[in-house]
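Student: Spelled out from the first residue to the last, the chains are:
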Amino acid sequence: MKDQNKIENPFKKIIQEKELPEAMKEKVINNINLIKLSLELSELFLVSIPDVMFNFLETEKDKKVNDSDEESQDNYEKKDK
Amino acid sequence: MFNQKLNKDTAYTDEELVRKIVAKKDSYYFSILYDRYARFVYNKCYTFVNSEEEAQDLTHDIFIKIFINLKSFKGDSKFTTWIYSITYHFCIHYINKKKAEEVIFSNEIVESVYDEEIDKQSEKELFEIQYTQLQEILLQLPVEDRMILLMKYQDDLPVKEIMKILKLNDSAVKMRLQRARQKVLEIRERSK
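As they're listed, the protein sequences go chains U and L. Residues in the first sequence are numbered consecutively from 1, following the numbering used here. Residues in the second sequence are numbered consecutively from 1, following the numbering used here.
To be clear, the hints were calculated from the coordinates, so they are not data collected in a lab. Quick reminder that beta carbons are idealized off the backbone N, C-alpha and C, glycines included. Just so you know, not all the hints are guaranteed correct.
[Unchecked claim] Cβ-to-Cβ under 10 Å is the rule here; a few derived chain L residues that face chain U:
| no. | residue |
| --- | --- |
| 1 | Ala-55 |
| 2 | Gln-56 |
| 3 | Ile-86 |
| 4 | Phe-90 |
| 5 | Ile-92 |
| 6 | His-93 |
| 7 | Tyr-94 |
| 8 | Asn-96 |
| 9 | Lys-124 |
| 10 | Leu-150 |
[What the hints assert, rightly or not] Covered stretches of chain L (in silico footprint by chain U; criterion: 3 or more residues with CB under 8 Å from a CB of chain U, positions within the stretch not fixed):
| no. | stretch |
| --- | --- |
| 11 | 59-67 |
| 12 | 184-192 |
Between the sequences and the hints, there should be enough to build the whole structure, so can you do that?
Tutor: Quick look at the structure:
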């Protein structure tokens with residue numbers, strides 16, 4: 001009885017249920033993959049390569065310092081002799 | 001194989017999928033999320049623009065935006081609310097841009113006062129409208145009024161959820177609902 005008196009909500013009768021074309025999924029996923037690739041590339045150039053360069057330069061610097069240390073050690077030993 | 005994939009697809013919650021996508025940027029997991037929400041987003045977009053072609057373009061762009069912004073989802077709200085919010089703001093921005101000359105959305109300070117009695121009365125009158133007429137009236141409403149009414153009466157969203165989607169406080173949401181209902185009733189009166 002209560003249900004009979006209850007006013008029906010007209011908004012529920014105008015629900016749109018449209019289907020999205022299947023091709024849209026492929027388009028979205030392809031573009032996602034493209035974005036993913038560009039993010040990875042930018043990461044490579046902006047993070048990875050600078051990191052590698054930085055590490056390389058640091059190693060080279062350390063090597064030079066070590067070399068000069070060894071050289072001065074050699075000179076010191078020669079003088080002693 | 002298909003069943004295995006199907007089980008795998010339903011095995012993850014939205015939050016688990018989000019974590020996997022953010023960690024691995026894997027489009028396979030994103031496609032599961034797409035399957036869950038594409039229809040929802042598309043139908044919401046269609047309600048905004050009333051054109052299949054435009055709604056499809058909007059759906060595409062919204063999913064790209066979702067992918068890019070996924071890491072900003074912190075789980076403070078339900079994932080559906082987050083998606084609804086992105087869809088709503090994206091569509092509003094699109095419509096405002098399209099009708100740049102028209103000021104259709106004003107974050108005005110509400111001058112009138114929210115009245116619960118008026119609220120109940122206008123709700124009752126609203127439900128008395130035939131759905132075919134209501135459909136026509138909704139198309140004549142500004143998009144923000146149409147959307148807030150659909151959130152409340154079609155999607156049954158509680159005011160708290162609407163607050164999160166629209167980024168408004170409680171009284172602003174109630175006022176907007178009240179105003180939207182009044183506009184519907186005014187249009188109905190004029191068409192009598």
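Student: Next step is simple, just say for each hint if it's right about the structure.
Tutor: Each hint tested on the structure:
{"no.": "1", "hint": "Ala-55", "in the structure": "8 Å, holds"}
{"no.": "2", "hint": "Gln-56", "in the structure": "6 Å, holds"}
{"no.": "3", "hint": "Ile-86", "in the structure": "14 Å, violated"}
{"no.": "4", "hint": "Phe-90", "in the structure": "14 Å, violated"}
{"no.": "5", "hint": "Ile-92", "in the structure": "18 Å, violated"}
{"no.": "6", "hint": "His-93", "in the structure": "19 Å, violated"}
{"no.": "7", "hint": "Tyr-94", "in the structure": "17 Å, violated"}
{"no.": "8", "hint": "Asn-96", "in the structure": "22 Å, violated"}
{"no.": "9", "hint": "Lys-124", "in the structure": "7 Å, holds"}
{"no.": "10", "hint": "Leu-150", "in the structure": "7 Å, holds"}
{"no.": "11", "hint": "59-67", "in the structure": "holds (count 5)"}
{"no.": "12", "hint": "184-192", "in the structure": "violated (count 0)"}
In terms of the numbered hints stated before, the structure departs from hints 3, 4, 5, 6, 7, 8 and 12, listed from lowest to highest.
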